Amino acid sequence: MLVMRRRAGESILIGDDIEIQIIQIGESRIKIGITAPRSVAVTTKEVHLVRQENLAAAQLQSVAALRHMLDRLIDGSADAEK
Amino acid sequence: MFPDGIPAFEQERSFLPIRQPHNEPLVFLQSLSTPELCFVTLPAQSVCPGFQLNMTSEDLHALGLAADRQPTVGRDVLCLFILSLEENAPPTANLLAPIVVNLETMRARQAIQTDSSYSHRERLPLREAACS
Chain A
1 MLVMRRRAGE SILIGDDIEI QIIQIGESRI KIGITAPRSV AVTTKEVHLV RQENLAAAQL
61 QSVAALRHML DRLIDGSADA EK
Chain B
83 MFPDGIPAFE QERSFLPIRQ PHNEPLVFLQ SLSTPELCFV TLPAQSVCPG FQLNMTSEDL
143 HALGLAADRQ PTVGRDVLCL FILSLEENAP PTANLLAPIV VNLETMRARQ AIQTDSSYSH
203 RERLPLREAA CS
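So the protein sequences, as listed, match chains A and B.
According to the numbering used here, the first sequence holds residues 1 to 82 in order.
According to the numbering used here, the second sequence holds residues 83 to 214 in order.
What the hints contain is simulated information worked out from the structure, not anything from laboratory work.
Predicted model only: the values in this text are computed from it and were never measured.
Even glycine gets a Cβ: it sits at the ideal position worked out from N, Cα and C.
Wrong hints could be hidden among the right ones.
A short, non-exhaustive set of chain A residues, derived as facing chain B with CB atoms under 8 angstroms [what the hints assert, rightly or not]:
(1) 23
(2) 25
(3) 26
(4) 27
(5) 38
(6) 42
(7) 46
(8) 47
(9) 50
(10) 54
(11) 56
(12) 58
So that you can see chain A by itself, here it is in the shape it has in the complex (with noise of 0.2 angstroms):
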């Protein structure tokens, strides 16, 4: 990983079009500001680990996924009660 040090004001430039700046620090986050062609997704890391556990998730309709799942659950709680 790439890493670069910068203070508030300062802008990192990744290609020719996209501009990420850093506008204000805070004690415990930071406000950043970020300029890229509208063809570039710009979504945070958690919104794109769900979208892709989400898609994941409708995958699971087959009964026997659910049945076997339901047994992994009950056996699960089985172990927890020894």
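Guided by the hints, dock chain B onto chain A, whose structure is given.
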């Protein structure tokens, strides 16, 4: 009931929660616009009684909840974890982004938790440390 849908399914605005006695405590979230879309979820209280919500002010506002405190699971809101299953792996629950339903208005949202120590893929059964 989901004014903004959920990530990857932004157009899905209505889900019907279904419980089946033989599949307790699972709650099925059936899309009312796409018959083949159904999420399998678990109520937070059934697997993780100590689960603490940590919602953003944006999410609280979107659900019409008080902005100055986190809602109480079971009293103010229903909190569901979406389950997912990969082959040859234990099922996982998304504790990073639970479905939160305002019990008064039935408005719902998938609320990505802030400062969350929970993962979007917590293995079931949940480790006790995750829920204390």
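Taking the hints in turn, this is what the structure says about them:
1. 23: violated (18 angstroms)
2. 25: Because about 18 angstroms separates residue 25 of chain A from the closest Cβ in chain B, which is outside the 8 angstroms limit, the hint is violated.
3. 26: violated (14 angstroms)
4. 27: Since chain B brings no Cβ nearer than about 13 angstroms to residue 27 of chain A, farther than 8 angstroms, the hint is violated.
5. 38: violated (17 angstroms)
6. 42: violated (14 angstroms)
7. 46: Since chain B brings a Cβ to about 5 angstroms from residue 46 of chain A, closer than 8 angstroms, the hint holds.
8. 47: holds (6 angstroms)
9. 50: holds (4 angstroms)
10. 54: Holds, about 5 angstroms.
11. 56: holds (5 angstroms)
12. 58: It holds, given that the least Cβ distance between residue 58 of chain A and chain B is near 6 angstroms, below 8 angstroms.
When the structure is compared with the earlier hints, violations turn up for hints 1, 2, 3, 4, 5, 6 and for no others.
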